[in-house]
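There are 2 protein chains.
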Amino acid sequence: MIRVSIIGSGNVAQHLIQAFSKTADIELVQVFSRKATAVSHLIPIDKITSDLSELKTVDLTIIAVTDNAIAEVSKELSFKNQFVAHTSGSVSIDAIDSKNRQGVFYPLQTFSKSKEVDFKLIPICLEAQNENDFQTLETIAKSISNVIYKVDSEQRKALHIAAVFVSNFVNHLYQIGNDICIENDLSFDILKPLIQETAAKILKLSPNEAQTGPSKRKDTQIINAHLNFLKDDNQKEIYKLLTKSIIDNGKKL
Amino acid sequence: MIRVSIIGSGNVAQHLIQAFSKTADIELVQVFSRKATAVSHLIPIDKITSDLSELKTVDLTIIAVTDNAIAEVSKELSFKNQFVAHTSGSVSIDAIDSKNRQGVFYPLQTFSKSKEVDFKLIPICLEAQNENDFQTLETIAKSISNVIYKVDSEQRKALHIAAVFVSNFVNHLYQIGNDICIENDLSFDILKPLIQETAAKILKLSPNEAQTGPSKRKDTQIINAHLNFLKDDNQKEIYKLLTKSIIDNGKKL
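Protein sequences appear in the order of chains Y and X.
Numbering of the first sequence is given in this note's numbering, commencing with residue 730 and proceeding in unit increments.
Numbering of the second sequence is given in this note's numbering, commencing with residue 730 and proceeding in unit increments.
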């Protein structure tokens, strides 16, 4: 059985704790959390520590804290020559203090505490500095997910940016859709089947094949009518820029 | 049995033909298509006409053509005092020539010919000028969908704009994610579970609750690193504008 500890109590840490608790292949040895109550609903209290120096040596220590804290936390670890990985999309593998062996265990998903996810479907992007460590990561990742990728630090940075576009920015467009509905006495529910189908289409068609709408058709009459209708300057600007980008994209093909 | 005819052979027309063919409540009397071959795989050839003057009077004639052509097509109809509806999100009910009774039958979905959709889940937004006609629309809509809304022309315009944000623009962000993956030797498949989860989250959480990412956290270090990484000016501009919009949105709450 592979022994793993987790440092952190945020969204990613909590989802990892839940995923590891479900597999018999992994022994979750300890969780570091400044406040025990943040994770005490997920793991027995005797496995929670709020003191980094109390962390035991294990096969893999996963640092699942905010990006800015990774380097500092890794420096504070009291052990040496152990295998330590962070879970960030945007931080280089080198952020882990080199007194330990460095790795990355990046689950590419959007986590909210109040929404369960099926970890089996989450791509986990792995990076290590030797083959042996990579295999440890791979064994651990495969115990909770069916989708594993080898991704180096530069690629992971690109991937994280792509993820911001297809998830954070997409959700913000949902927000704008929601706002427009509310302003016009419409339920946001009307848009939900469209949102689901737009996401489902991408499983069968390329984004280029899936593109529809007035900007794709270069229907300037509709585009101008929409711009006239929008009163919010911010919504107007986003509408203009994305329309231009869709039209320019059509020219490239 | 309610008798319906359809004018048009595009995405919406084809999906409506398929949906009506599956229900016993509707008799699909005729389809107008300039080229019979565009719809001959969906309906018997003797029901296809390429001559508007050959269209019989039915309970509802649905004009499912491009927005710009609706007014002209409705003028060319040879009958009077019949019930005629268009399927557009952005065209007023008045575009239908007033020699016939005007209506709107707007299925709010993104249609691509090569992707099947479950019509039962598609919201159909209805508008008519009297209660009797509205009931006809409702009966027809209920025969193919479980989700019916009464939406007036002004609301429908707003809804169409919201749909552009949550579907057309969202798909374009998928396109950018795809492009970033390709530039960095990554498979777009890595992003697909994230795309699905981002859409699924919106069924349980409000867009505001579902928002995650560096702009939500106002993590300027990551934001600047991402902007430095992006080489494409267009991607950079979209990243900047949507980041600003997410940050401004956070201030409003």
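Please note: incorrect hints may appear among the correct ones.
Identical copies look the same in the list; a pair holds intra-copy or inter-copy alike.
What the hints assert, rightly or not - In the EDC-like style, the derived pairs of lysine to aspartate or glutamate whose C-alpha atoms are separated by at most 20 Å in a straight line are:
1) Lys965 with Asp977
2) Lys886 with Asp914
3) Lys947 with Glu883
4) Lys886 with Glu805
What the hints contain is simulated information worked out from the structure, not anything from laboratory work.
Consistency of the hints with the structure:
no.	hint	result
1	Lys965 with Asp977	both (18 Å within a copy, 15 Å between copies)
2	Lys886 with Asp914	between (41 Å within a copy, 12 Å between copies)
3	Lys947 with Glu883	neither (36 Å within a copy, 23 Å between copies)
4	Lys886 with Glu805	neither (25 Å within a copy, 58 Å between copies)
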